[in-house]
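For the protein sequence lines, the chains are F and E, in the order given. All residue numbers for the first sequence refer to this note's numbering, where the first residue is 1 and numbers rise by one. All residue numbers for the second sequence refer to this note's numbering, where the first residue is 1 and numbers rise by one.
Keep in mind the hints are simulated off the structure, nothing from the lab. Careful, some of the hints might be misleading.
[What the hints assert, rightly or not] Here are the computed distance ranges between Cβ atoms for each label pair:
id: 1; chain 1: F; residue 1: GLY76; chain 2: E; residue 2: SER10; range: 16 to 24 Å
id: 2; chain 1: F; residue 1: PRO86; chain 2: E; residue 2: GLY167; range: 45 to 53 Å
id: 3; chain 1: E; residue 1: MET365; chain 2: F; residue 2: ALA146; range: 20 to 28 Å
id: 4; chain 1: F; residue 1: ALA68; chain 2: E; residue 2: ASN371; range: 51 to 59 Å
Virtual Cβ for every residue (Gly too), placed ideally from N, Cα, C.
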Amino acid sequence: MVKRAALGGIFLSAAAIGAAYASAFLPGGAPRWAAWAMAAGISVMMVATTALGAARRGRLGALSVPFALVFLILMGGFGAALALPPPGPADATLWLGLPRGAAVVLYGVGLLPLFAVPLAYAVTFDTLTLSDADLERVRREARRLAGGGEAGGGG
Amino acid sequence: MTLQSAPLPSLTQPLVAGVAAVYFLVVVAIGAWATRRTRTARDFFVAGEGVGLWALTLSAMSATLSGFAFIGGPGLFYTVGLGAIFIMLPAAVTGAMGAWVLAKRMRLLAELRGLITVPDAIGARYRSPLAQGLAGASILLAVIGYMATNILALGLVIDAVFGTGVGVGIWLGMGITLAYSAAGGIVAGIYTDVFQGALMALASVLVFAATLRAGGGLEAMSRTILAADPAFLGPWGTLSPLAALSLFFVFGMGSLGQPHVVHKFYMLRDPRRLKWYPLLMTLALLATTLLLFGVGVAVKSLVVRGELAPLASPDLATPTFLLRFTPLVLAGIVFSGVAAAIMSTVNSFLSVGAAALTHDLPVAMGRRVRNELLWGRIYTVLISVLAAILAQLSGTLVAFLGIFGFGLFASTLVPALAIGLNWEGATPQGAVASIATGLVLTLLFESLAYFGVYSFPAGVTVSGLSLVLSLLVFFVVSWLTRGSAAAALDPDVRLVMEA
Numbered sequence: 001m002v003k004r005a006a007l008g009g010i011f012l013s014a015a016a017i018g019a020a021y022a023s024a025f026l027p028g029g030a031p032r033w034a035a036w037a038m039a040a041g042i043s044v045m046m047v048a049t050t051a052l053g054a055a056r057r058g059r060l061g062a063l064s065v066p067f068a069l070v071f072l073i074l075m076g077g078f079g080a081a082l083a084l085p086p087p088g089p090a091d092a093t094l095w096l097g098l099p100r101g102a103a104v105v106l107y108g109v110g111l112l113p114l115f116a117v118p119l120a121y122a123v124t125f126d127t128l129t130l131s132d133a134d135l136e137r138v139r140r141e142a143r144r145l146a147g148g149g150e151a152g153g154g155g
Numbered sequence: 001m002t003l004q005s006a007p008l009p010s011l012t013q014p015l016v017a018g019v020a021a022v023y024f025l026v027v028v029a030i031g032a033w034a035t036r037r038t039r040t041a042r043d044f045f046v047a048g049e050g051v052g053l054w055a056l057t058l059s060a061m062s063a064t065l066s067g068f069a070f071i072g073g074p075g076l077f078y079t080v081g082l083g084a085i086f087i088m089l090p091a092a093v094t095g096a097m098g099a100w101v102l103a104k105r106m107r108l109l110a111e112l113r114g115l116i117t118v119p120d121a122i123g124a125r126y127r128s129p130l131a132q133g134l135a136g137a138s139i140l141l142a143v144i145g146y147m148a149t150n151i152l153a154l155g156l157v158i159d160a161v162f163g164t165g166v167g168v169g170i171w172l173g174m175g176i177t178l179a180y181s182a183a184g185g186i187v188a189g190i191y192t193d194v195f196q197g198a199l200m201a202l203a204s205v206l207v208f209a210a211t212l213r214a215g216g217g218l219e220a221m222s223r224t225i226l227a228a229d230p231a232f233l234g235p236w237g238t239l240s241p242l243a244a245l246s247l248f249f250v251f252g253m254g255s256l257g258q259p260h261v262v263h264k265f266y267m268l269r270d271p272r273r274l275k276w277y278p279l280l281m282t283l284a285l286l287a288t289t290l291l292l293f294g295v296g297v298a299v300k301s302l303v304v305r306g307e308l309a310p311l312a313s314p315d316l317a318t319p320t321f322l323l324r325f326t327p328l329v330l331a332g333i334v335f336s337g338v339a340a341a342i343m344s345t346v347n348s349f350l351s352v353g354a355a356a357l358t359h360d361l362p363v364a365m366g367r368r369v370r371n372e373l374l375w376g377r378i379y380t381v382l383i384s385v386l387a388a389i390l391a392q393l394s395g396t397l398v399a400f401l402g403i404f405g406f407g408l409f410a411s412t413l414v415p416a417l418a419i420g421l422n423w424e425g426a427t428p429q430g431a432v433a434s435i436a437t438g439l440v441l442t443l444l445f446e447s448l449a450y451f452g453v454y455s456f457p458a459g460v461t462v463s464g465l466s467l468v469l470s471l472l473v474f475f476v477v478s479w480l481t482r483g484s485a486a487a488a489l490d491p492d493v494r495l496v497m498e499a
């Protein structure tokens, strides 16, 4: 189920990104929705591709939380950057030394995912990615297949 | 990412040259040590699957970045403002994405099948020598072009530091890289990468601190820039939102198709050590990105304040800042870091390029090279010499060859490799069609754009367009030929895909 949803997400996001590119060929250039389609497409594609790789036996388990968080960070960050007014010469509000839009992009999109996915990968590695038992099972099965002549040829 | 292709300012001072000379001696020493550990083709191409976590991380980081992070990147930031950071922004996600999507499966496949190249994984996944051969040919094409630009950049750095002239710099840099690559193969590459990656991260952090000091802190620099050019610090810089987001797409998703980086997953000694890889890789990439951001902002604010003259060329941002605002020894470390970044990338390209010639193309034609270690070394020399000759030819040709490297890797490998290793429904026909689509469209679109036959609209990058079209072709053709999906999967490959 998760894999099917992830594959659907990748396909639809590729279509959205393709539509954004195609709209740029229209007379007058890319319309305003193109950047939103690109932002949504990228956010869905990055998270769906990661979920496709992380899903085991059709499930994500606890990983669905960090993946949802990353989607919100990417879509929220890009959306805020698109929606915020551009900075002006008299812009007095700086967040951690940068204008608001720049801070959202740099600290939000560029740094916040660091506290979600790489840490989630490490914390859940033994239970959701590759345990000693998983590794032993793969090696045992591979030996059995090779012994039974079922494995394919070398690469 | 384009590397510098114009001369850098002269840095021929004894202290800078001394630091750089020490760097080159350490690289040569590591190469000599590694040569004694290279006895088989598996040692030469995949380090005998004996690499530890730190070595894997630093090596993947140094192969990812090239000299762009130190010279071209800060120059791009100086030119387009914050939009340039969209090249590096995906780094917070790509380390973990690559680990989940590729690392475990490639490492297990390598163990079960004895794989040594990235196209090997494609051949094994689809039972398709054609897909493997096409992937190998795409890699070879991109490697030669990419290498020519990297070697030219290395020649320019050596000329700037030692005053050798660009031609001698090209052959000197190529000679040193070739010596340890041909003799020690990827073993030499990995362990020189460890030294080079550490040097790059150290240089980046030190320079970032220097930029904050020179500019009076980030807030002061921001206020200076906002008063003169507010768009520079807008969320997209001076790029359009579509153009900036397109960079994020290409460098985010494209990271899954860089053979010189993902190839290193084969080399990890213990697959369970992957646990900490994404966190370490992400931190290493972020540390090395500090220089790009710091120099870009600092030089812009110093120019606005009148403390620096406007740059004649964006590539002068880092050298100009270093010569004016940092101790000479730091300039020496940074330029050694630039050489390190370029050499580590060249070494990785040499490895995947030689592997394509020695292994993937013969396998696609139903043949096996008898002595892969010997031929791996011979092809390493041939590719190096060809790339060095190309680097000495017209700058136009080198620039043309360099532009399609990253995009060609991405559009030809991401669908078939990254999606295909995780989707049992992918078919050999889908893989072949997507690789062919990526290859043809990237070459065609880049040629049209480069020679001015057709100008793509603002916001449309050729790499992004080719990647998205090859993804769509992969899905559509796999769906149309879905009846052949099950027959294309060997039981042991299915086992790895379900692991």
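Q | Distance restraint evaluation - F/GLY76, E/SER10, Cβ atoms, bounds 16 to 24 Å | A | The hint (16 to 24 Å, Cβ to Cβ) is violated, given that F/GLY76 and E/SER10 are roughly 48 Å apart.
Q) For the pair F/PRO86 and E/GLY167, does the Cβ-Cβ distance stay inside 45 to 53 Å? A) At roughly 47 Å between Cβ atoms, E/GLY167 and F/PRO86 fall inside 45 to 53 Å, so the hint holds.
(Q) Taking the Cβ atom of E/MET365 and the Cβ atom of F/ALA146, is their distance within the range 20 to 28 Å? (A) Since E/MET365 and F/ALA146 have Cβ atoms about 26 Å apart, the given range 20 to 28 Å holds.
Q.
Within 51 to 59 Å: is that where the Cβ-Cβ distance between F/ALA68 and E/ASN371 falls?
A. The hint (51 to 59 Å, Cβ to Cβ) holds, given that F/ALA68 and E/ASN371 are roughly 52 Å apart.
Violated hint: 1 only; the structure is consistent with all others.
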